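Protein chains in written order, with the working numbering: chain X, 196 to 487; chain V, 3 to 228.
Among the hints, a few may not be true.
[Claimed, not checked] Pairwise CB distance ranges (calculated):
(1) V:Asn-170 with X:Arg-392: 34 to 44 Å
(2) X:Pro-463 with V:Asn-170: 50 to 60 Å
(3) V:His-79 with X:Ile-479: 16 to 26 Å
[What the hints assert, rightly or not] Below are the SDA-like pairs computed for lysine to any residue, each with C-alpha atoms no more than 25 Å apart in a straight line:
(4) X:Lys-321 with X:Ser-255
(5) X:Lys-399 with V:Lys-114
(6) X:Lys-399 with V:Tyr-100
(7) X:Lys-399 with V:Val-116
(8) X:Lys-399 with V:Val-55
(9) X:Lys-391 with V:Ile-110
(10) V:Lys-76 with X:Asn-405
(11) X:Lys-442 with X:Pro-452
(12) X:Lys-391 with V:Ala-117
Hints in this document: simulated from the structure, not taken from any laboratory. Keep in mind the model is a prediction, meaning the values are calculated, not measured. Note that the Cβ used here is the ideal one computed from N, Cα and C, for glycine as well.
Take a look at the letters that make up each chain.
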Amino acid sequence: MLRLKYVLNEVLVGLWRNVTMTVAMIITMSISLFMLGASVLLYMQVDQMKSYYYGKIEVSVFLRPDVTDAQRQAIDQSITSNPLVAGKTYETQKEAYDRFQQLWSDSPDFVKSVGPNSLPESFRVKLKNAEKYKEFSDQIKGQQGILDVIDQRTLLDKVFNIFNGFQFGALGVAAFMAVAALLLVGNTIQVAAYSKRREVAVMKLVGASNWFIQAPFVLEAVVAGIIGSIIGFVVLFVGKVVLLDHKLQALATILTPVHNGNVWLMLPLLAGVGAVVSAVTAWITLRFYLKV
Amino acid sequence: MIQLENVTKTYPKASRPSLDDVSVGIEKGEFVFFIGPSGSGKSTIIKLLLHEVAPTRGKVLVNAKDVTTMRSWKVPHFRRSIGCVFQDFRLLPNRTAYENVAFALEVIGKTKAVARRVVPEVLELVGLGGKEHRYPHELSGGEQQRVAVARAFVNRPLILLADEPTGNLDPDTSIEIMRLLDRINRTGTTVVMVTHDSNIVNQMRRRVIEIESGRIVRDQARGVYG
Numbered sequence: 196m197l198r199l200k201y202v203l204n205e206v207l208v209g210l211w212r213n214v215t216m217t218v219a220m221i222i223t224m225s226i227s228l229f230m231l232g233a234s235v236l237l238y239m240q241v242d243q244m245k246s247y248y249y250g251k252i253e254v255s256v257f258l259r260p261d262v263t264d265a266q267r268q269a270i271d272q273s274i275t276s277n278p279l280v281a282g283k284t285y286e287t288q289k290e291a292y293d294r295f296q297q298l299w300s301d302s303p304d305f306v307k308s309v310g311p312n313s314l315p316e317s318f319r320v321k322l323k324n325a326e327k328y329k330e331f332s333d334q335i336k337g338q339q340g341i342l343d344v345i346d347q348r349t350l351l352d353k354v355f356n357i358f359n360g361f362q363f364g365a366l367g368v369a370a371f372m373a374v375a376a377l378l379l380v381g382n383t384i385q386v387a388a389y390s391k392r393r394e395v396a397v398m399k400l401v402g403a404s405n406w407f408i409q410a411p412f413v414l415e416a417v418v419a420g421i422i423g424s425i426i427g428f429v430v431l432f433v434g435k436v437v438l439l440d441h442k443l444q445a446l447a448t449i450l451t452p453v454h455n456g457n458v459w460l461m462l463p464l465l466a467g468v469g470a471v472v473s474a475v476t477a478w479i480t481l482r483f484y485l486k487v
Numbered sequence: 003m004i005q006l007e008n009v010t011k012t013y014p015k016a017s018r019p020s021l022d023d024v025s026v027g028i029e030k031g032e033f034v035f036f037i038g039p040s041g042s043g044k045s046t047i048i049k050l051l052l053h054e055v056a057p058t059r060g061k062v063l064v065n066a067k068d069v070t071t072m073r074s075w076k077v078p079h080f081r082r083s084i085g086c087v088f089q090d091f092r093l094l095p096n097r098t099a100y101e102n103v104a105f106a107l108e109v110i111g112k113t114k115a116v117a118r119r120v121v122p123e124v125l126e127l128v129g130l131g132g133k134e135h136r137y138p139h140e141l142s143g144g145e146q147q148r149v150a151v152a153r154a155f156v157n158r159p160l161i162l163l164a165d166e167p168t169g170n171l172d173p174d175t176s177i178e179i180m181r182l183l184d185r186i187n188r189t190g191t192t193v194v195m196v197t198h199d200s201n202i203v204n205q206m207r208r209r210v211i212e213i214e215s216g217r218i219v220r221d222q223a224r225g226v227y228g
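Work out the full structure: start from the sequences and follow the hints.
Right, dumping it as structure tokens:
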């Protein structure tokens, strides 16, 4: 109990003694952890979106404008009999045009410029397994009267690639800031150890245990790491609420909702990473500067 | 109590060993002077006994424990059985005499209650009764060294190591410190003192081990300085 009080007191005094360095350490730590949290969230989000959208994906088989009835029937036949197919709908030129009009009802000039016959008729095919697109496409492509076979997946993949890019970017920034944060932790611990060198020398002389000598320094780093992670988390949470829930709400409808539960999950993750990484860095620094 | 067996210590980059094949035994309760010129290797002995440095060859036994093969995590506990006094006192300047001694107890896990009971007692023993709440800068050199002795002795160690404890003190004060060490020796504590203060060695008439260039050149039961 007494020792706990001693250690805690040492931690607070230590953090305050070198307050500018402590602040710098906490800020870099929080930026790094914020980036880490953002990238993990993005990863979870992309995963969730993939399973959501891939389930709804359709393959569109567009027919040539000069397709004959016989050809159309043959295509219909081969789609229906294909074992990869779960279901299909047929869209006439008229239906395609209606849908188009509805979709672009905000821009009547654009709608006017497109005639009712310029949109191709198509089969909308749902596969049992969306991953098998390539196989299906190869089997069907050779048929007479097909204009093109388009998988929505390739389109989605482009979107996901952008998200992945963001995610890696955030991870990169996180790693970069983490290096700065770790150097600051190491430096802070060195300064702390130097300013307490007399006490440390006496403690070693009279036989204080190593953990007792090192604990205040390690805890100092851990406390800074946890404070940094809490700040990083708050920024992440506020960022999520302001950007996704308000400013960019339109985007959020495409994005599938980001659950608050997932965001909350980042708190223990960031705090854990912040604490462990700081503690290990401090401990390694001490092994060099407080030789027993 | 203390046993050095064929101990050689060569520091890295040194041209010749600080200690060269030294063998010596010290019994429980003895008072021993290590004397010799600067750089003769006598301070290395203290460092070896504290496990601050490891010997290049040979064996160091303290309290029947082999210091040379001791695991590093066992060293702190081992050091609790050894008290240490230095030429430069090594007191904490921002703590009073009482706090300096109590600090040594608290950092090895003793409670404040224990410190309250034991510290005034040991400060009385070293002759600092009434000066418990002075800071080091408010004490004379001799008084500061008494605080250091109190800190070294408060844990009732089996061995007291003193590395030139009178090196910074005038002759009269030195004698007082020696009386104090003598008193501690009479409680049964083994005292090992490194010095080149001939005056003191001649007055005490205790065992003298002289070292020159890393070798023992004299070991006398009731010796004088040279």
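- Message: Flag every earlier hint the structure violates by its number, smallest first.
- Response: 1
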